[in-house]
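This is what each chain is made of:
Protein chains: 2
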Amino acid sequence: MITLNSPLDMHLHLRDDDMLKIVAPLSSQDFAGAVVMPNLVPPVATIEDVKAYRDRIEKAIGNDDFEPFMTLFFKKEYDYNFLKEAKKYIKSIKLYPAGITTNSEGGVSQIDTDELKETLNAMSELQIPLCIHGESNGFVMDREKEFIPVYETLAKAFPNLKIIMEHITTKDSVDALKKYDNLYATITLHHLLITLDDVAGGLLQPHLFCKPIAKRPEDREALLNIALSGDKKVMFGSDSAPHPKSSKEAPGCAAGVFTAPIILPKLVELFDSHRKLDNLQAFISDNAREIYNLIPLKKDITLKKEEWEVPSDYDGVVPMFAGEKLEWRVI
Amino acid sequence: MITLNSPLDMHLHLRDDDMLKIVAPLSSQDFAGAVVMPNLVPPVATIEDVKAYRDRIEKAIGNDDFEPFMTLFFKKEYDYNFLKEAKKYIKSIKLYPAGITTNSEGGVSQIDTDELKETLNAMSELQIPLCIHGESNGFVMDREKEFIPVYETLAKAFPNLKIIMEHITTKDSVDALKKYDNLYATITLHHLLITLDDVAGGLLQPHLFCKPIAKRPEDREALLNIALSGDKKVMFGSDSAPHPKSSKEAPGCAAGVFTAPIILPKLVELFDSHRKLDNLQAFISDNAREIYNLIPLKKDITLKKEEWEVPSDYDGVVPMFAGEKLEWRVI
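Line by line, the protein sequences give chains S and F.
Take the first sequence: its position 292, counted from the start at 1, is 285 in this note's numbering, and no numbers get skipped.
Take the second sequence: its position 60, counted from the start at 1, is 53 in this note's numbering, and no numbers get skipped.
Since the hints were made in silico from the structure, they are not lab data.
Hints may contain errors.
The list makes no distinction among identical chains, and a pair is therefore deemed to hold if it is satisfied within one copy or across any two copies.
Cross-link-like lysine to any residue pairs, in silico, SDA-like; alpha carbons within 25 Å at most [unchecked claim]:
(1) Lys298 <-> Ala45
(2) Lys238 <-> Gln198
(3) Lys238 <-> Ala248
(4) Lys225 <-> Gln120
(5) Lys77 <-> Phe314
(6) Lys226 <-> Glu118
(7) Lys68 <-> Gly195
(8) Lys269 <-> Thr(-4)
(9) Lys164 <-> Gly195
(10) Lys259 <-> Gly245
Put together the whole structure using the sequences plus the hints.
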């Protein structure tokens, strides 16, 4: 048995409409809160959007035992007054380079420090963290590495801005993270478990296809080392990204791994197998509280070593480890 | 208009049974001959297998206007006497590292020069080329590079053996090829056109998933340069590898791109766009004749600049460029 205090998922896609109704309860039952990404169509970019989306999420969950940490889709037009008001409703702002992932077409096409200065200075002053999907438009295996200079420029130009490198997947990002006090990162479950070999090294596995794409064995090793260490600069963010089975198992398969229902069992198994269970509380909650300066809902989640089989799908959404047996279960 | 004399496909998968009937006519109508790979289940590993498979191929084609160049699945048990007899029926022998691609489970698990000596010396003496699927069991992007020392060891140990590096995909292989007189290579159409970005850089495209996986932009560039130059050490080998649509558009998607019906139009377009049409005859036929020391059937294939639309599938097998318009057509 192991009990986690107020586990937090600091990077989650809850989608909208029917998909929201399928996936939101699966996160809310295992977590005390989650940072909800704003890449809907159209993106969540006004205070009204945030409030309305939060209402839809709460309705889909049906209880107040889970807190959605709302985010705004970064726009360089956001000024101090807007952000001051927005801060009552959001926990962070997410910046997407244009066209880099699902529904990011309205993102920022060039990261120009000068152009973003007013907004980023206001965010620094108001202590609103900036979450970034850090990929260039380059070759798929190089995109994250190519984006690192942008992180470094921003970290130096805005030393009081907390910058979250979202879903890092490379050793280079782990190294960059350590160099700047105001850089932090989320790490997904799947990037701790898989490499490109699992996606395309044997037969092709569309349900493991995601952005950023899983990288090399030495990259996974670096992610695993920093996550298992409980290092205060990294926190768990699942990037659980549901797509209907029909859009995953077809040409033009959408990017995203749906991990929400199996996160805690697999994280416990992983940390336990490396004899690092003592550091899981930091990775799954405590580090996030400090980085985001938040006090989560009090919610204890207990897991027991008891085998269960992951369903083949949840209303047409195929989870990671579908049909496989897991060692730990949430009770 | 352009006329190609006796185009040859020096690496082709014709499969068996119903699939053979679907795909064989598509290659035979555009080519004078093709090296037919022996990775059936069970593999083509006896003279009787070769003769019977050749009969089935000829029956599927239904005319004598195309010559299947038969191959044996490499076994270290093949001795001089066997090979001397086999040579009447085959053009080369294909070596697969065990488990590296479709139906290669019966391949060689360790490439031990000493252990293979008798067979490879006999092949040298009998002038039977050795075709190799050159990949290690390592990380998917490194497998070809990791295999290069094996090519080099073999090239040095058996200087009179013609060794064909099949379907090379990397700059490293192009460089290695140039270092040894007895190393040659086939290059596919798809590896001249795509990189990993086309497979997994945007949405995931299972019909472009193949082994070896498409690599980096600089790798494609190196392949393109040597192919377009007409260099005598490289020849065209499509590795056209049909799989039913149902096994491509599903989790556990099989590796292989089905290019047979669109090869010549796309090669003409490619060489033409680089103003290298004059070198296509070397790449598509003349180099292969010298490397394999063969005289192909006389067969002129003419292409005309006339738009046509590639069918969405050929009896359930989806070709590369399905549903797209091509500039050149075979008349």
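Same-copy or cross-copy closeness of Lys238 to Ala248 [CA-CA at most 25 Å]:
both (12 Å within a copy, 21 Å between copies)
Intra- versus inter-subunit Cα pairing at 25 Å for Lys164 with Gly195
both (24 Å within a copy, 23 Å between copies)
Up to 25 Å CA-CA - Gln198 versus Lys238, copy category
For Lys238 and Gln198, the Cα distance is within 25 Å both inside one copy (13 Å) and across copies (15 Å).
Is the C-alpha distance from Lys269 to Thr(-4) at most 25 Å within one copy, between copies, in both cases, or in neither?
within (14 Å within a copy, 68 Å between copies)
Intra- versus inter-copy proximity for Gln120 and Lys225 (alpha-carbon distance at most 25 Å):
within (18 Å within a copy, 65 Å between copies)
For Lys298 vs Ala45, is the C-alpha pair at or below 25 Å within one copy, between two copies, both, or neither?
Cα proximity of Lys298 and Ala45: none, with 40 Å in one copy and 56 Å across.
Same-copy or cross-copy closeness of Lys259 to Gly245 [CA-CA at most 25 Å]:
Only across copies: Lys259 and Gly245 sit 22 Å apart there, 29 Å inside one copy, limit 25 Å.
Using 25 Å as the alpha-carbon threshold, which applies to Lys68 and Gly195: within, between, both, or neither?
between (41 Å within a copy, 24 Å between copies)
Alpha-carbon proximity between Lys226 and Glu118, which holds within one copy, between copies, both or neither at 25 Å
within (21 Å within a copy, 64 Å between copies)
Homomeric proximity label, Lys77 with Phe314: Cα distance no greater than 25 Å:
Neither way: Lys77 and Phe314 sit 42 Å apart in one copy and 52 Å across, limit 25 Å.
Checked against the numbered hints above, the structure breaks hints 1, 5 and satisfies the rest.
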